[in-house]
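Enquirer: In case you want the letters, here they are:
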Amino acid sequence: MIKVEGLTKRYARTVAVDNISFEVEKGQIVGFLGPNGAGKTTTMRVLTCFLPPTSGTANVAGFDVIENPLEVKKRIGYLPETPPLYPEMEVSEYLTFVGKLKGISSADIKSKVDDVTGKCSLGDVRNKLIGKLSKGYRQRVGIAQAIIHNPEVLILDEPTSGLDPKQIIEIRDLLRALAGDHTIILSTHILSEVEHSCERVIIISQGRLVAIDSVANLTNRLRGSEAVAVEVESAAGQPPPGDVQLRLEQVPGVSRVVAKEPKDGRLLFEVESLQGRHIRADLARTVVQAGWNLNELRSVGLSLEDIFLQLTTAEKSTAEKKDEPKAESKAEKKAAEGDKK
Amino acid sequence: MKNILLICRKEMRSYFASPIAYAVLALFAFLFGGMVFYPTVRELVRMGPQAQMQGQPINLNDMVIRPLLGFASTISLFLLPLITMRLFAEEKRSGTMELLLTSPVRDIEIILGKWIGAMLLYLSVLAMSALNLSFLFIWGKPDWKPVLVAYLGLILQGGCLLAIGAFISSLTKNQIVAGGATFFVCLILWLLSWFTAFDSSLASQVVNYLSIVTHFENFSKGVLDLKDIVFYLSMIFFALFITSRSMESLRWRS
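Protein chains in written order, with my numbering: chain P, 1 to 341; chain H, 1 to 254.
Everything labelled a hint here was simulated from the structure, so no lab data went into it.
One or more hints might be untrue.
[As the list claims (entries may be wrong)] Negatives, chain H to chain P, calculated, CB over 10 Å:
id, residue
1, F137
2, K227
3, I242
[As the list claims (entries may be wrong)] Okay, derived cross-link-like pairs now, DMTMM-like style, lysine to aspartate or glutamate, Cα gap no bigger than 25 Å in a straight line:
id, chain 1, residue 1, chain 2, residue 2
4, H, K92, P, E81
5, P, K26, P, E88
6, H, K92, P, E71
7, P, K26, P, D173
8, P, K135, H, E90
None of the values given here were measured: they were computed from a predicted structure.
Heads up, the beta-carbon is just placed ideally off N, CA and C, and yes, glycines get one too.
Can you build the whole structure from these sequences, using the hints too?
Expert: In structure tokens form, the structure reads like this:
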């Protein structure tokens, strides 16, 4: 349904999107994740024909965004970051205007507006001026405007921002109901959002594609590794920290050891395992065999937030210091991407 | 065509939902009706019988209507920036430009819709002056053909300035900047028409020819010259064309 190849968008001095390629199949909900300024909005703007790409191609519903923008525009619904609303219009009037703009005939427009006000629960405010609405209602009017013409592809830039938890759940349900015959791309930086409503995730950072996978795979793959906090103490004064770290790193299955600030002669480390490896027993044995006291051994567990941080900062740290585990996880990602292709 | 009408109607709705339309109409009614029309008519009533007795009745077309419509032209010169300043600047600021540009409409449809919407507001301003003039038609017998020609001139001149204003508005996100710059352009045009009137050097002739204001003079005399019509139409076309270029550059720059 959506096919992006080698997409690059350069502004005057910065590269906003750098050689991104991905495909989205019909009926999928795809989450677009990335820190602020990663290039999410720019990519979406290219897909909606608002910005032309510097190089590369983007194909939506079988039409190229440069060669056939009108055909693409007919088939997408787009909610920008700030909902594009006219404050001096009433809600139903606004929806009628947008609906007609999107090519709905005068005969159908009334039923479509009724339909969409129902779906986005805007019935109470349909005769109010948009300028008088609260943020949550405005956001919902924005979503209504995007889905009014029943587009094949929906592109939503942070659709749930400004909504209260109940409304968020409603919007999620709405999106899930729309998936199937609609293809949906939504960007967000709220991770639980992605876990709840998306089937696949595209993570970008600094304009580059970092990961593209199903939510389940991504969390499994990265949650498969465990993180353990280790506290080591020696009866005879402090053991040399470098020594301890080296030992811990040598334990089979360990991917990374991070030394923390020592506390009253006790050394603290956070140890991450390679995926699918259980390292706690080995860690304990190693510490004890070395003649140190093992004060604490606690599983920390990676949250989706950590995974996200790990992925989006991975690029920087591999560039700075070529540490092995990171390179490995990157290679894994590459392989995963390769599989997708 | 359907899209042009749709956007045009939306523009009209925005004008009349905001104070802008009423401010423009009220300002024009006050300046034209109160400051120009009423004193002129009062003078006419005073001088009229006297002139009649001297056997030289006042020619309403030349002595009254022509200067009145000249004033109407000058006043509208300074009101037009109020009409055009929000056309694109407002949409750019509030983000609704993104909606228009990602909807299945052509840039040119957006521009024409907006320009026609602005034209309709301008026409309602002119209609107010026609309301005033209608009194002269009730109590006197002016020739109506030169009046029509003068109105055609007003419409063309206004269309031209509105197109230029639309272009300036498409350059910025700030309404005040758009309005100020358009006002500045109108002011310069107005001043140039004064300066070049008494100068016959080649440069001033060229400036004079290019000035939007001077082309109105023939119309106000009731002279319908193809040269002037072609000038106005090509200026409108040119201004709308560079507006569409500016819209396109928005995509590349933003």
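Enquirer: Would you list, in rising numerical order, the hints stated earlier that this structure does not obey?
Expert: Structure breaks hint 5 only.
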